[in-house]
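The listed protein sequences correspond, in order, to chains B and Z.
The numbering used here applies: residue 43 is where the first sequence begins, and numbers increase by one.
The numbering used here applies: residue 43 is where the second sequence begins, and numbers increase by one.
Please note that a few of the clues may not be correct.
Since the list can't tell identical chains apart, any single copy or any two copies may satisfy a pair.
The calculated DMTMM-like cross-link candidates involving lysine to aspartate or glutamate, where the alpha carbons are at most 25 Å apart (straight line), are [unchecked claim]:
| id | residue 1 | residue 2 |
| --- | --- | --- |
| 1 | Lys293 | Asp205 |
| 2 | Lys405 | Asp365 |
| 3 | Lys293 | Asp121 |
| 4 | Lys405 | Glu345 |
| 5 | Lys293 | Glu230 |
I should point out that these hints are in silico values taken from the structure, not numbers from a laboratory.
There are 2 protein chains.
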Amino acid sequence: MNPPLQNDQFLRACLRQPTDYTPLWLMRQAGRYLPEYRASRVRAGNSFMGLATNPDFATEVTLQPLDRYALDAAILFSDILTVPDAMGLGLSFGAGEGPRFAHPLRDEAAVAALRAPDLEHLRYVFDAVAQIRRSLAGRVPLIGFSGSPWTLACYMVEGAGSDDYRLVKTMLYARPDLMHRILDVNAEAVTAYLNAQIDAGAQAVMLFDSWGGVLADGAFQRFSLAYTRRVVEGLKRERDGARIPVIVFTKGGGPWLDALAASGADVVGLDWTVDLGAARARVGSRVALQGNLDPNVLFAPPEIVAQEARAVLDAFGPPQRADGGWDGHVFNLGHGISQHTPPDHVAALVEAVHDHSRHIRQKRK
Amino acid sequence: MNPPLQNDQFLRACLRQPTDYTPLWLMRQAGRYLPEYRASRVRAGNSFMGLATNPDFATEVTLQPLDRYALDAAILFSDILTVPDAMGLGLSFGAGEGPRFAHPLRDEAAVAALRAPDLEHLRYVFDAVAQIRRSLAGRVPLIGFSGSPWTLACYMVEGAGSDDYRLVKTMLYARPDLMHRILDVNAEAVTAYLNAQIDAGAQAVMLFDSWGGVLADGAFQRFSLAYTRRVVEGLKRERDGARIPVIVFTKGGGPWLDALAASGADVVGLDWTVDLGAARARVGSRVALQGNLDPNVLFAPPEIVAQEARAVLDAFGPPQRADGGWDGHVFNLGHGISQHTPPDHVAALVEAVHDHSRHIRQKRK
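Please work from the sequences and hints to get the whole structure.
Written out as structure tokens, the structure is:
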């Protein structure tokens, strides 16, 4: 049995329950901006996947930012592309480059042969989840995650990151049948993968729809959101009597806020282009919101970091509504933290979010 | 004196006047997807700036897409970065790469020394405008353009394209005084530059705010939109008795549609993430809308290109409102056309837009 949670502010905010302050965590909080992470990585053969596939290393780096900062959640150290790797597409990370697949899906035969992976190939992930959860010993909740079906499909067809998504969109428009087949398989695989993370101990799960925002209106609903919704519908939402919140984050998804709020997720992630106050007014009674500081703010001096963090909190406003009920806000960046971020600026951010959000709550009383 | 216009559908749509069909032009319509363009470029020493700085070549390539397709406007062949080049930043285009500045703005001294350029350094642009206008002989209107103050600043500080805008955003957050100084100079320079294009014969002008969409809500209004508005306010809006429409296009600007509609522009460009019908309902009585097909649609077979083009026209709906007045729609892509586009797919697009938009108008009668 895992010990009870000492800090449940994050889960409470996700579920729109009262909180003492606004909880925060940071996308890629266990990452290259931390010297201790870089040291772990060197020990793991200077390889991202060397860290991710070894539960000891994954646990070590997952906990590093928590030892340094008063963050309110841990997130599994892994990559969004583990699932297609387990499907046999051959994931690798070149030096200083992004992910690359040795066997991208480029023709009808490759698409027809695609199958949801045997979860045994992802055992290292579930082992890491269980080990991290034990090591956390109830300090903060653990978030599991996956790429969304569409975002996985982008990488699976392009074979790497892209700046125009030409190959995947050509397939989408010219052969929608093939694209739907990939997305069907991905949705099945992602659902099983996240449920296995929940079984292993993940206390919330997040779907990264990192590339949903490159789709045209109409195409987004058919090729990204429909499959996100299918995953969300298939997830275990309770475990050991605790509700498992689901977070959906479509980068660039501002135009589809209402649709995302109706996706079945408990929390919708927002990037920094969105006015949090306006978003809350629109959907805050249905979902919690997560976001949305521009990570580039962290390059400014600490006093400006604090000022911009306060502006995000003020945009959302006091989470307790005039009618006494609570809306949910989880503070985060609108994108992963940059490897060039000065670590002491992150300390300033965490302090400002906690202090100012307590202050906002007191003012209302 | 220039001869009268034979096809004024584009200008009429920009000004929300009745049109016979929905006019279209394509961002980067004179470009590498056309074999005749590639041949011209070889003759110009295989150099983009070799084409752009020579009015004969610029005229030749500007007219090429019009000879092939029934497009409703020409756009000056040039680059959005001519103004900072004329400020002495040293623009070049590497083989297969994007633009690069030899002397980016990285410190206070460089920013303090920045001045709006002597327009004589941009004489080649105005000469091209005049020559293209003469060569068009009234076939269709000619659009002039510039990068927006913010978009120019991105390149001027980063020194090249960027995927995280770290340097320019660090300056924005850490030294907003320096950023405002750059934007002041850029706004003055862009206003003078576009007015000189109008004097030379441009019949509409477009501000490309290509990177406005990377800014956070709040920062966008202060660092992009405020300077766009300043440029728009300073433009000559009439020439030889004709109104000169102004188009503002912020890629990723969907979240700020209302603010953009209040920028003073006649036309707001929209990328493909935006539902045109919803945008029209929101701002269509104040501005015309330009957009918004995903250029990747052009990789699909011609019948699908036509179907997707019809979907865009249907999303906007019949431009004549129930009250008898007209809203304005200019069909375009939501981004520049890809160099890999099959030219015959563009023919299918032009035909579909003209045919279906006539059909929509007839149905209403």
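Results for each hint:
In this assembly of identical chains, the alpha carbons of lysine 293 and aspartate 205 lie at most 25 Å apart whether taken from the same copy (15 Å) or from different copies (14 Å). Proximity of lysine 405 to aspartate 365 under the C-alpha cut-off of 25 Å is restricted to the intra-copy arrangement: shortest distance 16 Å within a copy versus 50 Å between copies. When the C-alpha separation of lysine 293 and aspartate 121 is checked against a cutoff of 25 Å, the pair qualifies only within one copy, where the shortest distance is 17 Å, while the shortest distance between copies is 29 Å. Only within a single protomer do lysine 405 and glutamate 345 lie at most 25 Å apart by alpha-carbon distance; the minimum there is 22 Å, versus 61 Å between protomers.
Only within a single protomer do lysine 293 and glutamate 230 lie at most 25 Å apart by alpha-carbon distance; the minimum there is 22 Å, versus 34 Å between protomers.
Of the numbered hints given earlier, the model fails none.
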